[in-house]
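Residue numbers (the numbering used here), protein chains in the order written: chain P, 1 to 488; chain X, 1 to 488; chain D, 1 to 488; chain Y, 1 to 488.
Derived from the structure by calculation, the hints contain no laboratory data. Each statement offered as a hint is correct.
Chain copies aren't distinguished; within one or between two, either way the pair holds.
16 Å max Cα-Cα, derived EDC-like pairs, lysine to aspartate or glutamate:
| # | residue 1 | residue 2 |
| --- | --- | --- |
| 1 | K234 | D483 |
| 2 | K235 | E480 |
| 3 | K4 | E386 |
| 4 | K449 | E391 |
| 5 | K113 | E100 |
| 6 | K449 | E399 |
| 7 | K71 | D426 |
All values derive from a computational prediction rather than experimental measurement.
Number of protein chains: 4
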Amino acid sequence: MNRKRIEISAYDKVPFRNLTAYCIGTGRMDLALHQEYQEQLKMVQEACHFSHIRGHGIFSDQMGIYQGEGKYCFTYLDRVMDSYLKNGLRPFLELGFMPEKLASGTQTVFYWKGHVTPPKNMEDWTSLVKATLRHLSSRYGEQEVACWPCEIWNEPNLTVFWENADKDKYLDLYEATALAVKEAVPEMKVGGPAICGGEHSLDWIRDFLSFCERRNLPVDFVTRHAYLGLETTKKGRYTYHDMADPSAMIEELRQTRLIMQEFPSYQGLPLYVTEFNTSYNPFCPIHDTNLNAVICASLLSRLSDVADGYSYWTFGDVFEEQGIPFRPFHGGFGLTANGRIPKPTFWTFAFFAGLEGQAVYRDGNCLVFKGKEGGYEGILWNPDREETQIELIFPLEGECVELVELVDETSGNPLKAWHELGEPADLTEQDLAFLRSAAKPHCGTLPLKAENGFVTVSHVLSSHAVLHFKARRVNRTLEEGYDYNFYR
Amino acid sequence: MNRKRIEISAYDKVPFRNLTAYCIGTGRMDLALHQEYQEQLKMVQEACHFSHIRGHGIFSDQMGIYQGEGKYCFTYLDRVMDSYLKNGLRPFLELGFMPEKLASGTQTVFYWKGHVTPPKNMEDWTSLVKATLRHLSSRYGEQEVACWPCEIWNEPNLTVFWENADKDKYLDLYEATALAVKEAVPEMKVGGPAICGGEHSLDWIRDFLSFCERRNLPVDFVTRHAYLGLETTKKGRYTYHDMADPSAMIEELRQTRLIMQEFPSYQGLPLYVTEFNTSYNPFCPIHDTNLNAVICASLLSRLSDVADGYSYWTFGDVFEEQGIPFRPFHGGFGLTANGRIPKPTFWTFAFFAGLEGQAVYRDGNCLVFKGKEGGYEGILWNPDREETQIELIFPLEGECVELVELVDETSGNPLKAWHELGEPADLTEQDLAFLRSAAKPHCGTLPLKAENGFVTVSHVLSSHAVLHFKARRVNRTLEEGYDYNFYR
Amino acid sequence: MNRKRIEISAYDKVPFRNLTAYCIGTGRMDLALHQEYQEQLKMVQEACHFSHIRGHGIFSDQMGIYQGEGKYCFTYLDRVMDSYLKNGLRPFLELGFMPEKLASGTQTVFYWKGHVTPPKNMEDWTSLVKATLRHLSSRYGEQEVACWPCEIWNEPNLTVFWENADKDKYLDLYEATALAVKEAVPEMKVGGPAICGGEHSLDWIRDFLSFCERRNLPVDFVTRHAYLGLETTKKGRYTYHDMADPSAMIEELRQTRLIMQEFPSYQGLPLYVTEFNTSYNPFCPIHDTNLNAVICASLLSRLSDVADGYSYWTFGDVFEEQGIPFRPFHGGFGLTANGRIPKPTFWTFAFFAGLEGQAVYRDGNCLVFKGKEGGYEGILWNPDREETQIELIFPLEGECVELVELVDETSGNPLKAWHELGEPADLTEQDLAFLRSAAKPHCGTLPLKAENGFVTVSHVLSSHAVLHFKARRVNRTLEEGYDYNFYR
Amino acid sequence: MNRKRIEISAYDKVPFRNLTAYCIGTGRMDLALHQEYQEQLKMVQEACHFSHIRGHGIFSDQMGIYQGEGKYCFTYLDRVMDSYLKNGLRPFLELGFMPEKLASGTQTVFYWKGHVTPPKNMEDWTSLVKATLRHLSSRYGEQEVACWPCEIWNEPNLTVFWENADKDKYLDLYEATALAVKEAVPEMKVGGPAICGGEHSLDWIRDFLSFCERRNLPVDFVTRHAYLGLETTKKGRYTYHDMADPSAMIEELRQTRLIMQEFPSYQGLPLYVTEFNTSYNPFCPIHDTNLNAVICASLLSRLSDVADGYSYWTFGDVFEEQGIPFRPFHGGFGLTANGRIPKPTFWTFAFFAGLEGQAVYRDGNCLVFKGKEGGYEGILWNPDREETQIELIFPLEGECVELVELVDETSGNPLKAWHELGEPADLTEQDLAFLRSAAKPHCGTLPLKAENGFVTVSHVLSSHAVLHFKARRVNRTLEEGYDYNFYR
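Pulled out of the complex, with its shape left as it was, chain P reads as follows (with noise of 0.2 Å):
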């Protein structure tokens, strides 16, 4: 067993900044008039409190905005942006893929077959662009409309999602759309270049603020994303990947970073993470497990050291990429699974979605802040499979509790029940009900006791295991009388 005991100082602080609710992904935009996946995304809200949400496919045909030349159909794009609104969301706008009617070529990505090829006509395309964003404006305000960024494409240097990936031809997109976001709301943030990441991506990054600045174009952020998955074995429909080390990705932010810092009429801008998971395929089983949530508490604990926000892709498990869903648990991106299962990640994001106050504390297996009201709370994580103990001693006196919350093997993991289940394709209304209570973390008190001015937290983490626990002062109410012990 792994041993670790930190000793928390009264003055003691780290520089750590939560963005962890800063954005969220999602699957094709039109998903959003989904019953369930409007239910997925207000429990993930309720728990998380997301800022942004960022998708594919605001003018793919499924969303019906471009009905042919100069006539535009926004019925299911307010429904969707009502929706965002009402659960207290601003999109991240992604503006892609193409129109079938204005692609110059048939490629399409996707299951739901996104068009990829660059716009037959480059002011139709931004015909389009600025009467979205105006009618967006008129209908929810200009103050409000300038608060959703637009990022310029998706991924134009993989050849599945551009044709070619065909850098040319991208800066002009992003030389063309930039433009014309700026005419159309003049307030709003644009960016890109929304690469993802391999070979040559930095040179990608090189080369957009390269060409911007030349053209002395605006640039408000930079995006781009990330992932872990390296080797991949197949095996049926799934995808099993090797991880890299949550370091890796850490590492090629900070070199993006570097890069960004050569040019010097973009000084300070941010970098924005607008896709990053473990795996990037959503039949990846990886995404389903308490392994996938210890990873990812490793990631929001880093982060921000490198990003100015990042967006876990996705919530939820209503997406249609490489096909529909066909069983609860098959390896989705989603926070939750379908059937508003919350997965063990779920409960990572909710953990550090809910941390308040001053971080005082980091490593490897900890996150720790000091509360506004004195008291301390922090996440645990273990990603060996030893177990692991951590002895935390903080700087607090009288009596106390520690409230603790558990996602482990046997805790917030219904994936281990599903599959003792048999694994079942569809469910009962009363396997689902067990499955959500087995998807709860396992949750208690524990009396601490102070002693010379000093508590300790002390836990053992199995394997996997991710941990919130919060320490705080007990104000005990006296009520003449009452024995809590007269009847244990």
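Mind docking chains X, D and Y on chain P? Use the hints.
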């Protein structure tokens, strides 16, 4: 540690009637107007699906029915009845107490001052009864109302509930009221004497039946109450009892049955225990504990041997008999605390109410059912302070799984968490959310290995634990390439 | 002004079966996943309580059932069926269209590209049908699923819906599919040929029955469609028809019945009109008008003379056959517009669906019922442009009252309000609220004076008005001192 | 018929402050625990968005706060305050009545027996006040609670509300309580003397201010009540008044203001009318009528001339002062009847509360606003029995439309419908649904023709009608081929 090993054969049967959900108790009838009451009731009904509900005070002034001779107001009555039916409940009507204007004296009971003296004019009383039942019959249909039992008064053998505990006056009241019921709605069922236990309680049963037989009065069922509280200790506002053994209650009811059998004209009358609980005091801390959950498990496993229906007193803590509850946990009768925090006993009722199939085994620690689809289900409880190990061996083949829900000191026990939080009198929203989570039973699955056609379910129960399990065959879905163990 | 005076006697009866609520139409099956769809459906069900629902595309790729040979995904199917049942609806299953991977050709129909070519392999098709029905039977119970009729394909007599409108290939499809249905769930009912009207439609009926009789195939019911649209005028995206008289539809169905009677082995088969409406075009402005409400009143008053069930096409405007609706009022089929604004025809269905008791009078302007409790109820409509006065004289005594709900140009007509607001493509929340209010029928009471045992109900209906009335006895509550007229 | 013609110019302004939504009245505080109460409140808030709520009895025994010397129970208080805040309301606290155990005498008021004698021990009383306010401040935050005004007692100038209407004892109570408020939460505002009108009411104001000035007491606002009821006629349980003219109330308040101006140290104090209505009797049938709606329109158009806030007594009919309401319409104060049936006066408040922009015209029949976006909006009312025609001429150009909502004898008047249905004491679900429909104002649109830059809005108001209109420019959406008139 106690140990127990039980082998169940495919042909075992024990005589157990699952009457858990027949009826539930509630405080003063007009409290059903409260929103918090309705929310607690909804939560209880979702878990337990009770059929009837019984409480005091239909004719007390808070309901406002009696407005002077011949004038009645059914505004609140209708609102309450509507709310019962909406929750899937029928009233088990307790006809009492006395409207102030009809009372022959000034004696009242409870903080809310229910009048407990006989009517100053019996005809006005029976007119009130008839008008009320006719109104209900006209509003809800005679067929529906015929399923609402009518019990005459509450605990007339106590001087606090019936002036001087005057038996003759009670019998007069019974006669007049029972005849009025039958006159108003001939198909309604009527009964009494609604007594509580104690020294002369069996005499009351005998005298009641003897009186009715002699005067040829309608008696469709016999009712009485049963509690386990013995010696009391008072501390501040609280009452602590020593508790009788559950078998004392069973014996008390068996005695009652024996007396009933003395009356040939009333052969086969049902005996309804219209109130039961551990303590009869609404500020007795036992009600909030997991010990209470264990005692109730024992009672629910045996009550149907001696009674045809029983009603736990009460479903919730919106209750005012000794005053308004001043803290979330104050020893109230409710299955749920105020704030919709289920207490341990809530789960005992939910577990028992959900049992389906055929009872196959019962002893002082468990009740086991064979389900319709071949699996086994059961409830285990540990009334001792010592740990108890229970091993059950079932005839099951192939791959199996056990679904487990556990309530003990650290699971499904919000009282402990509240105690350790400092027993706060009012809860912040966050603490309330935490207590609700801490109130959930721990819930998980265990794979079972069948050997030679048998599987073994084995649990070590800690002190005062209640556990629900389901053991069943697994029909494993085969899905090419899915590897649950890849990321463990 | 037209005038009409009708005396109803206590013994009058007319043969009218109230089949209004038997079935309702809906667009592509997976649109039931949409939240807006579910909200519209809920609103419609609260008013009309339909029993069945029928729409296209169970096997289209949007439902994602067919995933390649022998692989099926029922995720969306279950979600849709769950939602129907939750709304009190059973599916009237239309088995079609073809999954892309099973289609022998590339021809598709609609904006959403439903494949309409025969299966390239009949066995794969029947395997798909059987697997789907067996799945439903296992999830919902065989007894339940036996109440879900199965219709084979949609309008195979049109080349747009079935390649070349090839009758022989349809009959082959019917044979294979009907036998597959009975093999999968023997108690399910099966029928066809689901044709629309037109030149050779009656031949299709005859040839279908003759083929089935010859080959001894199961036929539990005959289905066809019926619309009133004649000559069309196209303007922009809209289609305007001249409308046939409602009696033309009745006659068309009578002819169908006559042909059915030629087949002795199919005596007594039910005839279901699985689609009907005025226009068959989803962008025909008539659907939104009060004229449409009047025509439907006329149809609903007579359809049960010639059919055993009928299904208005469709309940709501979440519908994509010719593209996504671009304005709240665009001539869609729905009883309700998008945004949950009931159209005038919504009320026609609500009025008819609510009729209870015995039909006592019917003509081209009205249908009158005698209620169970002695009053009279009816629906009046005015198909003319001129005002029409209708006087009805009923045998009623004592104090009476009439409850009236009126839909005409200025009541219950949100189209007029929307037109005058400038026909906005997207609605502010305030305008939406206003339109919903403007969509309510005017609703009021009239005191009636009985003279010599008769009361007269008299209404002047403006052009294209529909009116629902109830005339009933008043049991006046006497309340001392209450003077309604004091403050008038 | 009266006729009126009013030309509005682009520069017109009148001094009108829209204080409609400042405060609303409610019955006994603990009635807020009722579900029906909460449902009525939600309905009222959706239409009117009141800011504060004021009612009696925070310290009455039903709230259960005072549990003996130094012991307090805040269970119900918290539940009530939580429910207010959830509905967007802050309490306007009325500190009274007396807990039974603190009362120096036995005199009570109302069916529910509120104690109205001075405290037997002033220190116990102020301890109670301070403990309660400190509890609220700790639960809801001092900043929040500082926005909750505190008024001392209710109508102490009436012997029924304050033993002997003893002015000196009231001033003592004021002194002690006001100082206690400031001690507990220094930022809270405090005021009095909460008197009702009548012979010596102005003396009370003068004596109150003179006393406070002399003793240098905190007075942050002055409060009083105002009703229009004059001579009363009793019939059965009902009270009928002759009604004073609305201008009598305005004059009464103007007199109050004049007295306030006599006190230099209290310059600029706000005057709050903490109760107003037509009749002050909860069984006065006027409250349910459209006449009441008209009188309230007149009052709301003028009250802000003389007061800084006012509170209609009351929002709903969950109310028990003279007993439990026995029929849906019984002359209760509520804007809504029990069963959530809005009364005509509900709409007067909704219309006034919704007025936005700049007041441009006012007379005895109307109040007109110019909206922010250039249109005009207003409320018209007809206090006469005769019809009144009102023509308003506005400077508006181009295509315009008028949105109209009308309440009169046959629209938005459920009382008439209920009367004609026979005045049923309890409502079937169907009749309830009908009454709710009959309670909606008639709602429609009228196209307006601008001539020479002016449009004319013209309405003939029947007796006791209230009408809300909005006249605005139409931005007509052009949609090729759409022909609204094709099917008219």
